[in-house]
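Listed below, chain by chain, are the residues.
There are 2 protein chains.
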Amino acid sequence: MKKQMLMVPGPTPVPPEVLQAMGKQMINHRGAAFGELFSEVNHLIKKVFQTENHVLIFPGAGTGAMEAAVVNLTEPGERVLLATIGAFGDRFGDILEGHGVIVERVEAEWGMAIDPQAVKEKLENNREIKKLFITHNETSTGVTNDLKAVKDAIPDDVLMIVDAVSGLGGIDLKMDEWGIDVVVTGSQKALMIPPGLAFIALNDRAWKVVEENKAPKYYWDFKLARKFLEKNPPETPYTPAVSLLYALQASLRLIIEEGLENVFARHELMAKAIRAGVKALGLKMLAEDDVASHTVTAVYSPEGIDVGKLRKLMREKYGITLAGGQKKLEGKIFRIGHLGYVDWPDVVTVLAGLELALKELGYPVEFGTAIKAAQEILFAGR
Amino acid sequence: MKKQMLMVPGPTPVPPEVLQAMGKQMINHRGAAFGELFSEVNHLIKKVFQTENHVLIFPGAGTGAMEAAVVNLTEPGERVLLATIGAFGDRFGDILEGHGVIVERVEAEWGMAIDPQAVKEKLENNREIKKLFITHNETSTGVTNDLKAVKDAIPDDVLMIVDAVSGLGGIDLKMDEWGIDVVVTGSQKALMIPPGLAFIALNDRAWKVVEENKAPKYYWDFKLARKFLEKNPPETPYTPAVSLLYALQASLRLIIEEGLENVFARHELMAKAIRAGVKALGLKMLAEDDVASHTVTAVYSPEGIDVGKLRKLMREKYGITLAGGQKKLEGKIFRIGHLGYVDWPDVVTVLAGLELALKELGYPVEFGTAIKAAQEILFAGR
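Those protein sequences? They're chains A and B, same order as listed.
So for the first sequence, this note's numbering puts the first residue at 2; every next one is plus one.
So for the second sequence, this note's numbering puts the first residue at 2; every next one is plus one.
The set of hints was computed from the structure by calculation and includes no laboratory data.
Errors might be hidden in some of the hints.
Since copy identity is lost for identical chains, a pair holds within one copy or between any two.
To be verified - Below, computed lysine to any residue pairings styled on SDA-like, alpha-carbon distance capped at 25 Å: (1) K215 to E79; (2) K209 to H100; (3) K333 to G32; (4) K215 to I103; (5) K318 to N29; (6) K25 to K318; (7) K310 to N29; (8) K4 to G24; (9) K273 to M6; (10) K228 to L45; (11) K228 to A381; (12) K215 to G283; (13) K3 to G36.
Same shape as in the complex, but just chain A (with noise of 0.2 Å):
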């Protein structure tokens, strides 16, 4: 017997409930049943969204809903702006060049959120440019950028498109209030479901840009999406994931019964908490606190300690499992997921393991530290 803690950004932990949900049988996915799990659904999520916009869920990974962004919003050869400041935010690059999209870019020191001021110089420097690609909450540096800045700097014809993939649920995204026009998310993060749903949600103006484009495309079409979308009962184009999609009926009746600012307190509290810890055992941050995300905290190992050792240590000694460095942080970084079903014995665990593991690799640690410094935190924050 050893307790397993899954502490990555994504897949994250899933709630009892939400686990015993897909253990339901099949129905037909052209009944009545099925219908009314996924009115549920479509409407539960679009409080998550914080739209009134169609929210389409696909059966796919949050890199597909990425790409069905880029096929259904832009052309081969068009010009768009890239605000990138990290790997996730490169890998939408990726996907635009892969698509014959010519991508500028804006970028930010790996640590760093992007500069609202160069992303408004940028468009207005390139007035043809009329489509940003953005990142809500960067995975690989735990770093969040102030979308509303960003929005409320950029020219107003130029359509703000937002991977939230891992922020989305968990760090407030007013889409609607805020006027973004392009919110994509995946299941397996802060809406602690298991990976296997693609979700995206578009403004009217957005899809005027969707009923125009010409790329090629079939399984990501958003137009037969929402087509199915508007039948009454709702449908899918093609069979949906149904396992997962009665797990999201789960896991949004318990967002929606916590509260979305409640459930957004926590993760800011969560994060708050597992930063004063892991600073009070003197290791450094990669991101500053004012840009730190509330999902994933960055943190150098210290000095003389092997960043792989601590992690695979902490892995099987004390079963808490934590993510590493990516691209040109790996070996440097170590990475805690704190999204979707976090509380505050997750928090004190992981310090508690933290403090174990870094003392049996020989950096001098006071056992409790970690742990009296986020229970400030906490104490104050309750």
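Using the hints, position chain B against chain A.
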């Protein structure tokens, strides 16, 4: 309380062991536990595909697997041959044309199989065509194509790309032995797991085409998927649908334990018993015996019996969900799915329900007629 029986050609009923497997907690998709799961699944799925080639697995629907085959194997402007005998053959054509491929067609009347000689002649008269897209088992009509005969008839240098969504795992398809180049399928049919996984296997000469292919793609990039599959332990380029892979592991163990030949024999026996029962009631079949599918049976509604009313009565009073007709067969036929987790009690029940419902709608029925005919087949076949 009303017992529910889902007898549509997908999603199909999922065995309890498989539903339970989906209740497992998430794991890190870059860790050792996932490597073990994915290794076993990759090993076992090859047996079901009857191939030594890699079988790629993506989060997605069967339609996604079809589009994946198109964007990895064809180029816009290329001319290919489509052999279509129903709605899903036509869908392959829609996907191809959606990607700018020029589609030549060989068709058969709905309810008939493709004529291998017609395919051969078309290809011999159009030697610039190097790819044949064809359906294994046409779900909309309940007809199985003789893929071996087609393969033996066509020129050697033509790549044969097969949609086996409603056939694979239920009807024999010897990919390697017959020399089929590409086979695609989905999870929610004879594989007995919920919808949400897309599968593609390719032989060496198909991989050569993939390697030279320039069509834009990212999510469905076979080369990228193979690169990750060949890691040790195997991985996927982006987050896999972990729960569905647990389900797949459980279902593949069941299939291998039963023995693939026994699984095929069971499907054949159930199909024959259902056909015998339905015929004994005097109902007309869409397909002749020699091309009739072992996984789905299409039946004309008797003269004067509204097929919608029949399906509704079956569903609401007897708890048995049957499928209707698609496209040009809508309102004319009903379809009984009998693939995957289906055994003789299901056959007896669906026939008994059919007798009850038909009698209630005024069709002359001597109770037990269909069941007796089915029992004769079951008794002889065991």
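Hints and how they fare:
no., hint, result
1, K215 to E79, "both (12 Å within a copy, 18 Å between copies)"
2, K209 to H100, "both (20 Å within a copy, 22 Å between copies)"
3, K333 to G32, "between (52 Å within a copy, 19 Å between copies)"
4, K215 to I103, "both (17 Å within a copy, 17 Å between copies)"
5, K318 to N29, "between (46 Å within a copy, 16 Å between copies)"
6, K25 to K318, "between (35 Å within a copy, 22 Å between copies)"
7, K310 to N29, "between (49 Å within a copy, 17 Å between copies)"
8, K4 to G24, "both (23 Å within a copy, 17 Å between copies)"
9, K273 to M6, "within (20 Å within a copy, 51 Å between copies)"
10, K228 to L45, "within (20 Å within a copy, 38 Å between copies)"
11, K228 to A381, "neither (49 Å within a copy, 49 Å between copies)"
12, K215 to G283, "neither (54 Å within a copy, 51 Å between copies)"
13, K3 to G36, "between (42 Å within a copy, 19 Å between copies)"
Going through the hint list in order, the structure does not satisfy hints 11, 12.
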